[in-house]
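Peer 1: Sequence:
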Amino acid sequence: MPVVAHYERAVVFRLGRLFASEAQGPGLIFLLPCLDNCRVVDLRTFTFNVPTQEVLTKDSLTVAVNAVVYYRIRNPVCAVVNVEDANRSTRLLGQTTLRNVLGTVNLDELLTAREDIAILMQKTQQLVVAC
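In full-length UniProt numbering, the protein residues as written are 1 to 131.
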């Protein structure tokens, strides 16, 4: 019987199949020992640094950029069922989105419109991750 903290949710599987359409918790989760198993998902906000990358801008200039990505899992069932490792996938998506978005802007836009670029990156990632 796992105890799920207030910032976690448990996705329960019975005989290897999803048991409930919603995640369980917080609190005490009752599992049948031989039939059930669960994966606990942390719902807190995580951060990671996108390592410095050289990106080719729209005007064919190479710039070295890095970024910080903040994310949290909103739907634990989708995070467990649809993706093998949600945290790793989010890191790779952050790197890919950074390269793709910065490849569509000029150097002047990159230097002057950081907030707009951040919003564009956020919208792009939300479209990809929508479950």
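Quick caveat, the hints were computed from the structure, so don't treat them as lab data.
All values derive from a computational prediction rather than experimental measurement.
Some hints here could point you the wrong way.
[Said to hold, decoys possible] Ranges between beta-carbon positions, derived for each pair: (1) A20 - A113: 22 to 28 angstroms; (2) L127 - C34: 14 to 20 angstroms; (3) R14 - A64: 46 to 52 angstroms; (4) N87 - P2: 40 to 46 angstroms; (5) V3 - Q122: 30 to 36 angstroms; (6) S89 - P2: 48 to 54 angstroms; (7) P26 - F46: 45 to 51 angstroms.
Even for Gly, the Cβ is constructed at its ideal location relative to N, Cα and C.
Peer 1: With reference to the structure, classify each hint as holding or not holding.
Peer 2: Okay, the hints, checked on the actual structure:
Evaluation of the 22 to 28 angstroms hint for A20 and A113 yields a failure: the beta carbon distance comes to about 45 angstroms. A beta carbon spacing of about 41 angstroms between L127 and C34 contradicts the range 14 to 20 angstroms that was offered as a hint. Our hint of 46 to 52 angstroms for R14 and A64 holds, since their Cβ atoms are close to 50 angstroms apart. Evaluation of the 40 to 46 angstroms hint for N87 and P2 yields a failure: the beta carbon distance comes to about 20 angstroms.
A C-beta distance of roughly 34 angstroms is found between V3 and Q122, which places it inside the suggested range of 30 to 36 angstroms. The hinted window of 48 to 54 angstroms between S89 and P2 is violated, with their beta carbons roughly 24 angstroms apart. Restraint check, P26 to F46: a C-beta distance of roughly 19 angstroms breaks the suggested window 45 to 51 angstroms.
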